Amino acid sequence: MRRRSVSSFVYVASLLLSIPLFAHHGNTAYDTSKAVVLKGATVTKFVWGNPHTFLMFDVKDDKGNVVHWAGEAGSPSSLGLLGWSKDSVQPGEVITVYMYQSKTGRTVGRLNRIVLADGTVLKDSALGYREP
Amino acid sequence: MRNCFAASGAILAAALIVSSSALAQDTPTRRPGQVDQRPPSVYEKMANAGPGGPAPIHDLNGFWNGPLEPKFGDTPSLTPLGQSKFKLNIPDPFSAHSNDPWRTCDPLGFPRSATNETRGLAFAQMPQGIVIMTQYQKIWRMVWMDGRELPKNLGTRGGPSSRWYGYSVGHWDGDNTLVVETTGVDDKTWIDRRGYPHSVDMHVEERYTRIDRNDLELTVTIDDAKMYTKPFVAATNKFKFTPQQQEDEQLCVPSEAIDYLNTIAIPAGQDEIVGQK
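Chains as they are written, first to last, in the working numbering: chain G, -19 to 112; chain P, 115 to 391.
Simulated from the structure, these hints should not be mistaken for laboratory data. The model shown is predicted, which means the values in this text are computed figures rather than measured ones. Errors might be hidden in some of the hints.
[As the list claims (entries may be wrong)] Pair by pair, the computed Cβ-Cβ distance ranges are:
hint, chain 1, residue 1, chain 2, residue 2, range
1, P, T189, G, L61, 30 to 40 Å
2, G, T100, P, N376, 25 to 35 Å
3, P, D289, G, K14, 51 to 61 Å
4, P, I171, G, K66, 38 to 48 Å
5, G, K14, P, W286, 48 to 58 Å
6, P, T218, G, Q70, 24 to 34 Å
7, G, Q70, P, Q359, 31 to 41 Å
8, P, K266, G, T24, 52 to 62 Å
9, G, D42, P, N376, 25 to 35 Å
10, P, T218, G, G85, 22 to 32 Å
11, P, D362, G, Q70, 15 to 25 Å
12, G, D98, P, P345, 53 to 63 Å
Where a beta carbon is used, it is the ideal one built from N, C-alpha and C, also for glycine.
Using the sequences plus the hints, can you model the full thing?
Here you go:
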């Protein structure tokens, strides 16, 4: 298994641009002009913590190789207002992830939203979420 | 490195101008292009709650909700020693080069506990004093109200040692203002997220004024002649009495923060992107 930069298996969806919001953590590292969409993502770890919650997951690329990804989201306090909890997502679940990737091309980023297998949409807080 | 932070500071300032309402202590107003997707916090819901009646005398007891952050006060004027210490403090928990103690969830210390993540605050009357509790990191500070003096000769051989949250005494100024004086704070801690330093001789005054039943205002003033040429207001804040009297659990856990740094913050490459090597 290995990490790879974004490749053809990633469908890039353009999202509405909006004025960046200031939060107590920066978003400088991420390309917030567009979100990558990662379907069939298998959750490997979910950390409900401060300063930021983050999600780790695996996605197969177009050659069948498993690529490790990680995406951060807001703090538990801010995500809690949006319907998330410590138990919102469990390792082994298969979900769809919308994420702003690092400008370095590494497979880390800021979540926009995740969609659970039952269709539940969990949006990131103000720094990550934009309406599609 | 400092140039980077100067640039970051400029970006921060611009962001603050653009989105000042995100930090405002009242209900935020929607900016052009902003999506109204975030439900209001308890604090924001309380914005229009009204005074709720007169403030009780000498009584701050209970839970109070605050905004995410206070308002920073004056830009402090540093002494040469203060300048040299300030240059050593590299803010921004996203930077691989930062030495912000918050990055690994070290104790915030005081007054940073009053200038960083201020969403919850509580007061409890004790036989000889008042305990001030801070939601973030579940911080507990004892404020002696029995007339004792602050310790002297701090940090010297034979004298009392400095502490993360120092030593605090308090008194009432009139019916509704609690004045807390603090000194003896470990100089490893920062005053705020910007990295302003202090000595163990720093003297901090907190003035909590309950202007009515539901509203509490705080001013934090720092006097530290070793680091600053004159006293300055470090922060002001406004709190609302919490209807349900419940707090959230907000802990910055060292192992989780280090995991976050290694998994997200450092690989994300902020330093590379802004040109910091």
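Open item on the list: Output the indices of the hints that this structure fails to meet, ascending.
Closed with: none
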